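Chain residues, written in single-letter form:
2 protein chains.
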Amino acid sequence: MSSDKICVAFMLAFVTGGSALAGEGMWTPDNLPKAQLRADYGFTPDAKWIERAQKSALRLAGGCSGSFVSPKGLVLTNHHCVNSCVQQLSTAEKDFIKSGFLAKEEKDEVKCPEIELNRLDQITNVTERVKQATQGKSGEDYSKAEKAVKSDIEKECVGADSEHTRCDVVNLYHGGVYDVYKYHRYQDVRLVFAPELETAFFGGDPDNFNFPRYDLDMGVLRAYENGKPAKVTDYFPFSKNGADTGEMTVILGNPGGTDRQLTMAELASTRDRDLIPVLLLLAERRGLLEQFRSESPERWRIAQNDLFGVENSYKALRGRLEALQDPTVFDRKRQQEAELRGFVNADPARKAKYGAAWDEIAKALVVYGTIETRYKAIEGGRGFGSRYYDYARMIVRGAAERDKPNAERLREFSDSRLPSITQRLFSTAPVYADYEEVKLAWSLTKLREWLGSDDALVKQVLGKESPEALAKRLIAGTKLGDPAVRKALWEGGADALAKSDDPFIALVRDVDPQARALRTRYENEVESVIDKNSELIAAARFEKYGTSVYPDATFTQRFSFGKVEGWTEKGVAVSPFTDIGGAFEHATGAYPFALPPAWLAAKNSLNLKQRLNFVTTNDIIGGNSGSPVINRKAEIVGLVFDGNIHSLGGDYWYDASLNRAVSVHSGAILEALRKVYHAQALANELESARRH
Amino acid sequence: MSSDKICVAFMLAFVTGGSALAGEGMWTPDNLPKAQLRADYGFTPDAKWIERAQKSALRLAGGCSGSFVSPKGLVLTNHHCVNSCVQQLSTAEKDFIKSGFLAKEEKDEVKCPEIELNRLDQITNVTERVKQATQGKSGEDYSKAEKAVKSDIEKECVGADSEHTRCDVVNLYHGGVYDVYKYHRYQDVRLVFAPELETAFFGGDPDNFNFPRYDLDMGVLRAYENGKPAKVTDYFPFSKNGADTGEMTVILGNPGGTDRQLTMAELASTRDRDLIPVLLLLAERRGLLEQFRSESPERWRIAQNDLFGVENSYKALRGRLEALQDPTVFDRKRQQEAELRGFVNADPARKAKYGAAWDEIAKALVVYGTIETRYKAIEGGRGFGSRYYDYARMIVRGAAERDKPNAERLREFSDSRLPSITQRLFSTAPVYADYEEVKLAWSLTKLREWLGSDDALVKQVLGKESPEALAKRLIAGTKLGDPAVRKALWEGGADALAKSDDPFIALVRDVDPQARALRTRYENEVESVIDKNSELIAAARFEKYGTSVYPDATFTQRFSFGKVEGWTEKGVAVSPFTDIGGAFEHATGAYPFALPPAWLAAKNSLNLKQRLNFVTTNDIIGGNSGSPVINRKAEIVGLVFDGNIHSLGGDYWYDASLNRAVSVHSGAILEALRKVYHAQALANELESARRH
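Top line first, the protein sequences correspond to chains Y and W. The first sequence maps to residues 18 to 709 in the numbering used here. The second sequence maps to residues 18 to 709 in the numbering used here.
Please keep in mind that the hints were generated in silico from the structure rather than gathered at the bench. Heads up, a few of these hints could be off.
[As the list claims (entries may be wrong)] Here are a few chain W residues that sit away from chain Y, every Cβ distance over 10 Å (derived from the structure):
#1 Trp-66
#2 Leu-189
#3 Glu-242
#4 Ala-300
#5 Arg-303
#6 Glu-508
#7 Ala-590
#8 Gly-599
#9 His-663
#10 Ser-705
[Said to hold, decoys possible] Some chain W residues close to chain Y (C-beta under 10 Å, calculated; not the full set):
#11 Asn-227
#12 Gly-304
#13 Glu-307
#14 Ser-311
All figures in this text were calculated on a predicted structure; none of them were measured in a lab. Glycine included, C-beta positions come from ideal geometry on N, C-alpha and C.
Okay, chain Y solo, but in the shape it has when bound (with noise of 0.2 Å):
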């Protein structure tokens, strides 16, 4: 993904309940960690303040962050953020991810067709009412009353409104506290400004996760509602001048997820069944990727942002996984575990409440050993790695569900769900099917590998063909590159379906059953176990804890608060800033270290002088991608991008002295903006965006 960003928090003073460092925790907005601001930063933000920074922050729902950056529903996040939509955009003819792209004018804003924009609008605590719903079950009821449970909400809370009105529950603490946050849903969003994927990726996967850094790693939207530029009243203005060496530094965003409470058997899966397999599996396919890549400049144009997903996700988690290969984190993680599990033996009463729960969670673990293979394979769709086969599996399930009762479908197709499924479904991004033959013919290969050539349901796919014939003929055969043939298969239903004849929408009717088997066998068995038990630890940890902590990252509205500051690498202390003269110095003229032509025409207008990237000391993850980076006054002075190589891995700790947010400097954009590519309304509409 390409918002695998990870950051770092320091376990210790978590789990130990010890007030976090400075710079530490993923604080959500009803729980900011008030009289630690004023402590570190003599900073007391009130109400409106933060009202007013959670409704200008935003969630892109493919995984990143931005906010409004104007009231006219300017948006402003990261390139790799919109990357897929510059992509999808583009033609063989004129390629905006080389070229970048500029609307002049209001009228030159193109939609971009998988875009979908969440204001956070409100937080209603439900814990009670999920935990009385699953109270006393377990295994298959537990997960339907969970389910249900949840769908109920969610339905209650979208109400009329589900255009414009998502609502999701979500699960803090590991199930210590149940939300429902309620969203203010854009589907209308159209891309504004992308800088050429050169500038905003100088230095490309070699320099990722790097810093000193030179990359203008912007993109610029727009939120439109009724065919309009949406009104917004919450928004960020913009500060020329940036944040100073030593300023607090606030930043806003949706991290993805972060593994700071799991337990010692949850970690040892996590390294030994998931990192490693997926690793193994980014490896290979970013071998074919390079090679495709290479063929001809179009297929490089097909295929550079998935490959760029695929080297981002790859170093961020071989990262996590050379973390937990480290013992000594490894024992301090066992040594936390055993004084919360003394804590709760040494009292009869929390014994018998809670004493099982680690030995549950790791029984359910060697269930998932036995299943894990063919449920990332199947129902995963490992196996079967292409666009026209996710379609497919939409609209066959959809015809299923949607005829269910909202609380018993599968959740991503609850009425409240509906829309992010239609609006995949329905885009119009152009499938390129000699690329989707060869992800669909390699994975299938792969579906062989890992079930071996016996296995009934290998057989049952490939019969007599090989991987690669048979990708051949069905993606030959399919007519679900047309958006509108999906559309009139998912409006059309069951009775569309039977009459269909289309190749994937036969595969995923043979294959579903067994996907779905597995779906079920996983919740039952795993996921509802892992889910309960979580729960009761969560409790138990308030107890010796309290709650003054922050939860796990749950690609939910965090506040990380930090400051500019740089950090000591092998000795040498890193001047936590770049300039603009820095990227000229560092251009080799060779990808990835080239800079485009307008760079090098615009070079003596520029200020060479002006801050460029730079490090603050927030706390950050994949997902903050794109996150704004304000200052007291909430004024952008920075645009989150990335992590320093040492936030890799850690998923599982914070350090302080090492862990860096990397930012692109808000003075940059507008020099750029102003003398690169001569976007003076878009910089004027930055400029003026000012508190009413």
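For chain Y, the structure is supplied; the task is to place chain W on it using the hints.
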């Protein structure tokens, strides 16, 4: 490596010194478990039987095993051991990989450019001499002294005739015993027969390491001397009937390496620092080669052998990794180490002698951790993956090393080893420039990834070029694809080099000082410390367990004793035999499950009940590929080509109930030669070979 097959041994029985289970053990010719053979099989081989077997068996220096099967120097081994030769003899017009190869007469037998055969003639114990040379030394002194004494011993052993004699000092029991093995060397080795890849490797990677199997994984070579077929007195006659269920089978071969005696620190380092990085590298390379291969039939032909090697190693090492991730195995090994260390520490004298060895090794591995990535990338050559670079380095280093006294050279350039270098360097095997360009460009991106784009060496190598541009330029400018040019540079030595403007020679000149520095550091601070302390642990082990055990595999000749026996797979009995009919039943017609035309045409004439593949309980591992399976009359009953899936990971222990060696049945070899390939002369030569 195409020979990277794995076998398994029951560590407990071994380490606790208990007698090995039936099947377990890789025994040196001079230390067979005679009492056990009598007890288990009523088998009492005399000195003559053993010597004959020893001299009839062969080692393929590149990493396989084989055996003489006629007095005229005919050699039986695996197709995957001669695959590289078959490919090197093929062209776009005539692809012997696809069509197979048969020399109807002697004159049609074609020399393999890079195959060397070794016949083990003599074993001499030199333990005292080696240990005295390193007595009381450590670090660089130890490393130099060890290198010097080994080179001296080998040179004395070889004497005048380095062309036909090869001597290797062999380190057994991790330094418990040093022997010098004297081999008769054959470098004029010609291809006689190879079936189509589709037959040899039916089922391909999906079925690799699996059983039931239906492979004719055989290749036939002939050793020549003075331009004539070599006359040999020791060879194995052929048994048409093969061996029956329960019958004892002896496998003679050269298992490449096992890790049954490593310390816990070494096992952890193997898992985290060696296996995982190499698996990730193999996975990415695999994806690259899969896509490269798909681009044209010619590219398929060029890349297939490399891809086979990559996939084979990947599957084998994946199995090893999973074994090392099994906590029960790791805990068991921890107990075993604790047991031995307890024995050592219980006695003050022993403690003083051996007590520190484990921690010293652990410390050396910490040093290794700090240089490992650079060492593998630069000295290991992973960052410069191209035949041209390998050639250039042989030439540049050869010129420097040959000017030094034998004892002071890099080991691979000692007098006794130069013939192996020159065989590779002067090889007439074709070099495909566009393929080399893809591999080199890719590995240069890895170099940059591992060392970082700001690394001095990376900047020195890449300058302002991209890896792709640099690879293109280097390969466009080199003449090293021509063996005559390589020969001239080698023979011209320093003077010729000084005049050379070949870009790869220049690149190696730039990189080699740093490569050599890394190697020196590795040898002095890691290898020598591990060798020295492993010797101490080996001595302690001898004190506790005695010497009635077998040493870890070292790619030297070993005898393994077992029997024909199936196993039970998830409650279902697996028969030890498959037959030719089964191959036709499993043929889908789609690669890799397609039988070639010759087989389809011969179907009616074939005895479909003829046994094709079979499994035995013998203890084998990578390097055993091509090993003869003989009965107590020393007749060939089969040809080892694989281990079953349970044997994966068995670097570390042996499970007699599950671990099986997989072989081609001798009867199937004759049946196929006569009825499918109409190779009557060859079949006659095999069947007429009798004990004289």
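Right, here's what the structure says about each hint:
1. Every C-beta of chain Y lies more than 10 Å from that of W:Trp-66, the closest at about 41 Å, which supports listing it as non-interface.
2. No Cβ of chain Y comes within 10 Å of the Cβ of W:Leu-189; the nearest lies about 32 Å off, and the non-interface call holds.
3. At roughly 44 Å from the closest C-beta of chain Y, the C-beta of W:Glu-242 stays outside 10 Å, upholding its exclusion from the interface.
4. Not every CB of chain Y lies more than 10 Å from the CB of W:Ala-300, the least distance being 4 Å, so the non-interface label is violated.
5. The beta carbon of W:Arg-303 is not kept farther than 10 Å from every beta carbon of chain Y, the shortest such distance being approximately 5 Å.
6. The beta carbon of W:Glu-508 sits about 38 Å from the closest Cβ of chain Y, which is more than 10 Å, so the claim that it is off the interface holds.
7. Residue-level check passed: W:Ala-590 sits 16 Å from the nearest beta carbon of chain Y, beyond 10 Å.
8. Once the 10 Å rule is applied to beta carbons, W:Gly-599 is consistent with being away from chain Y; the minimum gap is 12 Å.
9. With a minimum CB-CB distance of about 14 Å to chain Y, W:His-663 clears the 10 Å threshold, and the non-interface call stands.
10. Annotated as non-interface, W:Ser-705 keeps its C-beta farther than 10 Å from every C-beta of chain Y; the closest such distance is 39 Å.
11. At about 7 Å, the closest approach between the beta carbon of W:Asn-227 and any beta carbon in chain Y falls short of 10 Å, and the interface hint on this residue holds.
12. Interface restraint check for W:Gly-304: the shortest CB-CB distance to chain Y comes to about 3 Å, inside 10 Å, so the restraint holds.
13. With a cut of 10 Å, the hint placing W:Glu-307 at the interface with chain Y holds, because the nearest CB-to-CB distance is about 6 Å.
14. Annotation: W:Ser-311 was flagged as interfacial toward chain Y, and the flag holds, the nearest CB pair being 8 Å apart, inside 10 Å.
When held up to the earlier numbered hints, the structure conflicts with 4 and 5 and fits the remainder.
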